[in-house]
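Required output: the full structure, derived from the provided sequences and hints.
There are 2 protein chains.
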Amino acid sequence: MRFSRMVSKTLRDDPPDAETASHRLMLRAGLIHQVAAGVYSYLPMALRSLRKIESIIREEMDAAGGQELMMPALQPQELWDQTGRKKAFGDNMFALNDRHGRNLVLAPTHEEVVTNLVKANVQSYRDLPQILYQIQTKFRDEARPRAGLVRVREFDMKDAYSFNADEDSLDESYQAMAEAYQNIFRRCGLPVLMAEADSGAIGGKDSHEFLLATDTGEDTVITCESCSYTANAEKAASTIPKLLSEQEQCLEEVATPGIKTIAALAKFLTVHESKTLKAVFYIADGEPVFVTIRGDLEVNETKLKNALHATDLRMADGEEARSAGLVAGSASPIGLNDIKIVVDLSVTNGNNFIAGANKPDVHYKGANYPRDFEADTVADISLAQPGQLCPLCGQTLESTKGIEVGHIFKLGTFFSESLGADFLDAEGQQHPVMMGCYGIGVGRLLAAAVEQNNDENGIVFPAPIAPYQIHMIALNINNNEVFEVAEKLYRDLELAGIEVLFDDREDAAAGVKFNDADLIGLPVRLVVSPRNLKDGKVEIKGRTDSESGSVALDDVLVSVQEVLASLAK
Amino acid sequence: MRFSRMVSKTLRDDPPDAETASHRLMLRAGLIHQVAAGVYSYLPMALRSLRKIESIIREEMDAAGGQELMMPALQPQELWDQTGRKKAFGDNMFALNDRHGRNLVLAPTHEEVVTNLVKANVQSYRDLPQILYQIQTKFRDEARPRAGLVRVREFDMKDAYSFNADEDSLDESYQAMAEAYQNIFRRCGLPVLMAEADSGAIGGKDSHEFLLATDTGEDTVITCESCSYTANAEKAASTIPKLLSEQEQCLEEVATPGIKTIAALAKFLTVHESKTLKAVFYIADGEPVFVTIRGDLEVNETKLKNALHATDLRMADGEEARSAGLVAGSASPIGLNDIKIVVDLSVTNGNNFIAGANKPDVHYKGANYPRDFEADTVADISLAQPGQLCPLCGQTLESTKGIEVGHIFKLGTFFSESLGADFLDAEGQQHPVMMGCYGIGVGRLLAAAVEQNNDENGIVFPAPIAPYQIHMIALNINNNEVFEVAEKLYRDLELAGIEVLFDDREDAAAGVKFNDADLIGLPVRLVVSPRNLKDGKVEIKGRTDSESGSVALDDVLVSVQEVLASLAK
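Here the protein sequences come in this chain order: U and L.
Just so we're on the same page, the numbering used here is the position in the first sequence counted from 1, plus 2.
Just so we're on the same page, the numbering used here is the position in the second sequence counted from 1, plus 2.
Because the hints were derived from the structure by calculation, they are not lab data.
Treat the hints with care, since some could be wrong.
[What the hints assert, rightly or not] Computed from the model, here is a short list of chain U residues facing chain L with C-beta under 8 Å: (1) Thr12; (2) Leu13; (3) Pro17; (4) Val37; (5) Gln69; (6) Leu76; (7) Gln77; (8) Phe96; (9) Asp100; (10) Lys121; (11) Ala122; (12) Asn123; (13) Leu134.
Here the structure is a predicted model, which means the values were calculated and not measured.
We treat Cβ as the ideally placed atom computed from N, Cα and C, and that holds for glycine.
Here it is as structure tokens:
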């Protein structure tokens, strides 16, 4: 591609409102163009990268036995009412009416449609298993689109669905997809974290996320360096060091004038925060729920939601808390009646806590469970944190920020039961089909790759997904020799099947060309200049090399092929 | 692909409500699955065909200098208000609100977004010309989706847009696209008609449609066998034989009791219909328009709309006609005041017409233009018909039914002016960019190909776009020798890069397998059977061959390659 003919232009300055590196760099390098909040056009170079990613995905899906199809975005709302997911998605789903007033939605995912398709085509265990996939456009009305292609409202996804006769077969499909995903990210040149994830309300027993580690990621992964344990923050378990057991004290009021927070309370009474009880008040599916947890820990709302089997969970507001008889700054499970109480496991591993008294400026000391208050539910509802201990090997946990780029999920029979997708087994017995679903956000993967791979000068594309392999600059292209050598090299490289972005601009200064090459970030840069040509040479430099080398004109093709081969390893 | 593993099933019986061959056959062969009215999933075999079509399109677009990008479906309505096209599309456009109440549309085409994109990237004549294209999903809320993939509400299109500095450059891009389109259809194995088409209200001066001839097509093309003239019915001109000029008669009333139609009038008065005047009453942009045309001709509403420079045209209803003083069955331009009158050219080529008198059961004879009535506009507004004469060479015109699969269109500066997409010429003068747009309906092309290529047993896929090249049937696959030979052949063919659908089903009878092969319609069928294997042979048959041949086992690969090579020609 000739740079002079390329429709997209690079921007010299950072665009306003682009806070993350990938957003900023993809706009500056002319990869994307914004159409609306969270809605972008992919310009030609971004599309080339996406096609490479898609092609890797397709090969690995096919190798794992997947069959590619294509399902529509426009779907009858009725189908989503059948599974209850119209309500579950709520404002996140785009809904519309057609000219006849029929209710339609724009699909954020395709379980409903693919299950109906399988229902129409699969009758017998002989037709199973099936892995069906598509690379298709999804719509999701995100409340806060952000970070360029990371969180958008229209996006391309590879979504795959497995259909299995039993758990063992589902395990095999799940395992095949997990391996395919590892292959995909490896082949894209992107190191990935595979983390245990929450399997949610619908879910079967397993779920894993794939994340690219980057400081600007909005997801947190808890990892153990000494064993394989990796889980996202919502799912992660941890071992909390037990407190020393003390002789049980009596419950006793203590004046705590003006004390409203755990930190202030611990300081005022000169105890560690782990000796206090934190109180949090929630509304779960419309019902009030009082939660207590050790003062040094945080509530993991996903674990709490699962413990309550709730579909909707939110913090209660001040008015709701007051009307339940709670006193802000001194809320307490002690003496609380007619409200569901959830106690974190941590509260059972210690005694003589400082707790609220539901009176202004007063707390209790010597609070003990279950002596002083009851629980409707005792469960692990705490957020694992770095510094706590690995639940598998007992070593210290660490935490990493990342961007989720893939998710695999055992669905069980939720959709097949809702939509009546059954099959007959070898004995003629009818069963709902077991399902799994497996997604990769294609556009997000590109953005995450850029977020993970850049420096102060621009993008550093992993070679397998770079829009072109070579960025060739002709300096002083009005010089006849430069023109002829550069044109010949361009032809020879393209004939050899090498993808070249050829900066043939007559009106751009050398500095502009070098800056654009760093900004766009292709793996290898070639420079044809009058100075090098005097020695019959061309300059060659990898994007991350600090120094450039030079190579004789006749050896350029071979050198380029060698460098590209080494990058492919 | 093993037939036994394929998710889609063939249907033995015709599905209800599928009226056209392509709709019926694509459902029966397991190519598509309906999700809603005019909304389909593409099953794996259809997707394979589509990918082949897309790949041919992409190669030809790239060869013509096109740059591929990808624009979103979700767009701010505001952008469409700027060009007035929200109103123009009306109910045909899907509109929706996001969670913040902002008005969005689902794009039926991308002129607005691509013009904005070019506005942001093109400043100078040096950046022009540009040809940008995408293969992307469009949405159109058709009033009556029909014929399977022919008229749908969600569909994939290749849409290209050219941006040019002047008319000459636009002509070049237009010509390059016309040639690319001819190449695309030829390479897909589909003979195509390129017809002059109406360039509509927005348009610049040229527009051509590409149609596949088929009896069930909803478009009509007027062609001349003896010269190159080809135009769609909306656009086609024709030479109407002049009537013999008679001596001018006086206007005279004649009783026509109970006569309401042209046919009845001509019969009653024993004259040819060409001696009568037909009256049609329209509402154009809210204003009444009276149209008169020779009784043997029909009004071409597109030509009428263009003659009136109207954006909205519809027939008036009975009440509107009565309140304008028109009498049904005897409507007439004679004596009509205060209404715009349009007279077809045909009326000026004849005299002494029978015309209405705006009185029940009475007509005039001896009606002459302009003696007896005036015209606000005289124009060619007649529908060209087979049997009329070619406007270029004077030979008799014919008519063909077809399905429109492509359209190229000079847009001029409508969009660049509406959206402010200007460029500076070499003298520093600012001009709006000239534009052209160029579309191919990808899914519709597949449906039209099936509509054009089938027989009583099923689809007859043109080889370049068949889902697989070979349909290999193993008869009696439980026979060890059949199993081993078929499996080896399957491996060898795939290793040689030949795409094989291998009917390896154990539980399907020979008749079922043969019927499925004819239904799916791949170009070449191979049969491995115990009978042929006795002679060390395999049966080979082209989809349209009446007889099958046989080929020695060792020669199968070479024979298949020869047959495929001959089909590729």
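Hint check:
The beta carbon of Thr12 (chain U) comes no nearer than 10 Å to any beta carbon in chain L, farther than 8 Å, and the hint placing it at the interface is violated. A distance limit of 8 Å between C-beta atoms decides the matter here; for Leu13 (chain U) the minimum to chain L is near 10 Å, and the interface restraint is violated. A cut of 8 Å between beta carbons decides the hint on Pro17 (chain U): the least distance to chain L is about 11 Å, and the hint is violated. The interface hint given for Val37 (chain U) holds, since its Cβ lies 5 Å from the closest Cβ of chain L, which is under the 8 Å cut-off.
Interface hint status for Gln69 (chain U): upheld, as the beta-carbon distance to the closest one in chain L is roughly 5 Å, under 8 Å. Here the hint on Leu76 (chain U) is kept, as its CB sits about 5 Å from the closest CB of chain L, short of 8 Å. Because the closest C-beta pair between Gln77 (chain U) and chain L is about 6 Å apart, less than 8 Å, the hint holds. A cut of 8 Å between beta carbons decides the hint on Phe96 (chain U): the least distance to chain L is about 6 Å, and the hint holds.
For Asp100 (chain U), the interface hint holds, the least distance from its beta-carbon to any beta-carbon of chain L being 5 Å, beneath 8 Å. Hint status for Lys121 (chain U): violated, given a least beta-carbon distance of 10 Å to chain L, over 8 Å. Given hint, Ala122 (chain U) at the interface with chain L, holds; its Cβ is 7 Å from that chain's nearest Cβ, closer than 8 Å. Hint status for Asn123 (chain U): holds, given a least beta-carbon distance of 5 Å to chain L, under 8 Å.
Residue-level restraint check for Leu134 (chain U) holds (minimum Cβ-Cβ distance to chain L is 6 Å; threshold 8 Å).
Violation of the numbered hints given earlier is confined to hints 1, 2, 3 and 10; the remaining hints are satisfied by the structure.
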